[in-house]
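Just so you know, the sequences run in chain order A and B.
Those letters in the first sequence? Residues 1 to 308, per my numbering, in order.
Those letters in the second sequence? Residues 309 to 691, per my numbering, in order.
If you're looking for bench data, these hints aren't it; they were derived computationally from the structure.
Honestly, I wouldn't trust all of these hints.
Said to hold, decoys possible - Heads up, simulated DSSO-like pairs for lysine-lysine below, C-alpha to C-alpha not over 30 Å straight-line:
#1 Lys-30(A) with Lys-168(A)
#2 Lys-358(B) with Lys-164(A)
#3 Lys-358(B) with Lys-168(A)
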Amino acid sequence: MYLMGTQKKIMVLCGGKFAFPALQLLAYEKFICAIGIGKGNDTITDALERESEDSNIGFKSFPNKKSISEMRSWIDIVQPDYVFCISFPFLLPEAVLSYGQDKFINFHPGPLPQYRGSMPIFEVLKNQETETAICAHFMNSKFDEGNIIFNDPVTIEKGDTYGKLTVKLSERMAQVTLNMANMLQFASQIPSQPQEESLSCYYEKPELSDTYINWKRMTASEIISLINACNPWNNGADTTLQGEQVKIIVASLLEESHNNQSGTIVSFTDTVNIACVDSKQIAVEILSTDIGILTAKQFAELKSILAN
Amino acid sequence: MQTIGILLARSTYYQTIGFDLYEGLRSGLKHLGRSDIRIVTENIGFGADKQQCYRSAEKLILEENVSVVIAYIGHRMAQLLRPLFLAANKILIVLDAGANLPNEWPSCPNIFYHSLHNSLGASLAAKKATDDGYTSAGMVTGYYDGGYLHTYSISKGFEEAGGTISFNHATGYKTEDFTIVPLVDHLEKFPNSALLSLFSGDFVQWYFEGIKNSFKGQNLPIYLPPFGFEEMMLSDAEYPGDNIKGIAAWSKKLESEENKIFIETMKAAGRIANLFSLLSWESASIVLKVIELIDEHKNSIPQIASDLQSFSFESPRGMIYFDSKTNTSISPLYNATIIATNEGKCEIQIESMANDVFEHFKKLSTQELNNSTSAWHNSYTCI
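All chains should be built: construct the whole structure from the sequences, respecting the hints.
Structural data, given as structure tokens:
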């Protein structure tokens, strides 16, 4: 039996509500001694500050990069045994990391070293992976590059959107961080391995070129994956449809051949059916236009009115 | 030389559990021609102490450098060990009584569950009660068994088959607190109720004795899950009546060449074959497959897991294979009744093989638990 008095004290640095299930579980299990939030919006920061005060947990907000300079002195006061990062938006400088070797653990919402970068959830969906992971790794002064403790796999279901997968990972994150906390509590040593650089890939934050549907090159199933990967954070995948800039939010695969040029509308049914390069079609259900978010039917009606 | 590790639990009412688990594994490996494999054991007490379990597993992996670890533990303790096995890139084979339902069915490639399916059997036993025409039932359990979620599966199984749970009775943990007298009142209020009964070890004996004393000659309809049919304990239990049936995971009476070899081998090793030695005897086949796959796939866990998911083997209780969604083994279950021995004790009579076990397991593993949780960390029957 271990004594509660010897429970490890963990500070959690997070970026917002993605970390909430983990914060709740770690607090319930009495591991958390302090919470730091980076770039949080006011509502979330206020809610977290109130919760922390009620639970007698230290709290500090880091609204911008400059405020990171206050982190080390805060850590020195709190004296955590370990610091967990869950989607904390800022890189921790050497001045902070020097608090202790192997005391900072990041929980990356994607497999490492394959999916480094700030939005692995978008990248794994876009790349049509069937499995992702939450990677626990020691931190160094570069993003996502420290020694890996483990990659805990998470299945990607067909049709998962960015939103769905984010919620799933956020829930799974709670158990993974608790597992890590227990490991720190009970282990005599934490096994870890350097990242295999030959397998590594760093993805920059997606730009328009990454969220834009390339009708000439992408197959129907790749387009569906991109659309799902953009829902909801980018309000859909970007494209030009009948000369108009739109974003496709929801679409499904239509196994019907066509003779159209890819990227053009084959037919309007309950969906807007668009030709793809692999002679399949995608059936668009919801899309975002300049005048608002429309169902395919509304869009079709609008287009027929314009055509008349 | 290959080394494998096993985490052994102890139990006050199954005092031989550690020996049974060890001997089952050792004899199983020998039977499969691999006496050369070294087995390292670690004691994990009742399987409830997180520090002890973690350190024991850690020792096997980091100090003994074992290829595979086998452990008689529950899902919650396995979750605690999950990061260690992920980090060390090793496979854990959990020998699982199946008494609990996990809040989240596992999907970790490093952990495979080899199960006796007590919850699944409980649910099928409840269904059997409705098939026999009972629309009302009482769930009868004790302080200890009541802490596992087979309670949920047996009640839910009965309700989903159209029945109503009319009453519950959970009796005490110590001999002096153990009573089934409240059943007299319950059965007066709800006559024609089946008794969905969850007990293990000594508690089965106490329960049967209580039934015999309080309901002599009434032949109450009692439905049991696999641990209610554990034969070592049954052989010392008073025969309480003619209407006791349910689902068994295994019996020494199962007629097959594999079962005969298993029972005789255990006997030659000075032990009586039981559910625990069965589980570890079977795990020898899984271990050997894992060792073969480690070599074949150069220790790539996703590939090993994928191949293991499609592995099947013939065991003393029939064909065993894995559900790839939960990494849990699926084995035959048996419709069984309790009959009297000449000495007035109990023994199993196997009636037939239960139908659609896998379909029922799939249903069980996707079932919402409606916020039911179990607070028991220890390995089942280990108190």
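Tell me if the straight-line CA distance from Lys-358(B) to Lys-164(A) falls inside 30 Å. Between Lys-358(B) and Lys-164(A) the Cα gap is close to 33 Å, so the pair fails against 30 Å, i.e. violated.
Taken at face value, is the distance from the CA of Lys-168(A) to the CA of Lys-30(A) at most 30 Å? Roughly 24 Å between the alpha carbons, so the hint for Lys-30(A) and Lys-168(A) holds.
Taken at face value, is the distance from the CA of Lys-168(A) to the CA of Lys-358(B) at most 30 Å? 27 Å, holds
Of the numbered hints given earlier, the model fails hint 2 alone.
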